[in-house]
Amino acid sequence: MSVRDLKEDDVGYVYSLPILPEFLTGYEFIRFFIDVNENVIARRGEDVDGLFDMMRIAKDDRHKLLKHYSHGMKNKIQMLLFLLMKPPVILLDEPLTSFDVIIALEMKQLLREMKSDHILIFSTHILQLAADLCDELVVLHDGKLSRVSADLLGRPDFEQQVIELLQSDAENEAGAAGNGLGQCQDGTQKEKSDAGSV
Numbered sequence: 066m067s068v069r070d071l072k073e074d075d076v077g078y079v080y081s082l083p084i085l086p087e088f089l090t091g092y093e094f095i096r097f098f099i100d101v102n103e104n105v106i107a108r109r110g111e112d113v114d115g116l117f118d119m120m121r122i123a124k125d126d127r128h129k130l131l132k133h134y135s136h137g138m139k140n141k142i143q144m145l146l147f148l149l150m151k152p153p154v155i156l157l158d159e160p161l162t163s164f165d166v167i168i169a170l171e172m173k174q175l176l177r178e179m180k181s182d183h184i185l186i187f188s189t190h191i192l193q194l195a196a197d198l199c200d201e202l203v204v205l206h207d208g209k210l211s212r213v214s215a216d217l218l219g220r221p222d223f224e225q226q227v228i229e230l231l232q233s234d235a236e237n238e239a240g241a242a243g244n245g246l247g248q249c250q251d252g253t254q255k256e257k258s259d260a261g262s263v
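Read left to right, the sequence shown gives residues 66 to 263 (the working numbering).
Incorrect hints may appear among the rest.
To be verified - No more than 27 Å apart at the CA atoms, straight line, and that leaves these computed lysine-lysine pairs for DSS-like:
| hint | residue 1 | residue 2 |
| --- | --- | --- |
| 1 | 151 | 132 |
| 2 | 72 | 180 |
| 3 | 129 | 139 |
| 4 | 151 | 139 |
| 5 | 180 | 151 |
Keep in mind the hints are simulated off the structure, nothing from the lab.
Could you build the full structure based on these sequences and the hints that come with them?
Have a look at this one:
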């Protein structure tokens, strides 16, 4: 991938709580999405039924209004959109959490394949999913990011190491609070009596 500024179309986002036009059927929405985005769509000429088959959405469900879809089915529709567009950067919020086991495994494999020519960034509470898919990992805890060494990702004690990292961060914060110091926005510490500038 060449280096250049990102455009809006370069970034795709999969929401944890899908926002879809509930007055359309699943089939109508995918067909509409393909028609509206025909100039930028990666999978031109895609058979809509083939897409639904790939996501294992039953034929009867394809023609139901989206408002009657389960959370998992709405997530499948959302994933279809990014499969169609294949943007270079994909942001996923809690991916795979509402899929059944078979679809989750298939989607995990698809995400692995896409890593070779896409940037995937996702949030998850499932450490094993992060270990399976990530090349780099940061943990967000109490509003702070902590980088996890890439060496830990393949280790059998990966989850325990992440837990220890979080506990260590919490203990360091407790120690700073106990010694009368407060954390400033620039990362330095000041006496709590200077609370106005902390």
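Results of checking the hints against the structure:
1. A hinted pair counts as satisfied when its Cα atoms are at most 27 Å apart, and residue 151 with residue 132 qualifies at roughly 26 Å.
2. For the proposed pair residue 72 and residue 180, the alpha carbon gap of about 20 Å is at most 27 Å, so the pair holds.
3. Between residue 129 and residue 139 the alpha-carbon distance is near 12 Å, which keeps this suggested pair within the 27 Å criterion.
4. Taking the CA atoms of residue 151 and residue 139, the gap is near 19 Å; set against the 27 Å cutoff, the hint holds.
5. Annotation: proposed proximity of residue 180 to residue 151 holds, straight-line Cα distance about 11 Å (limit 27 Å).
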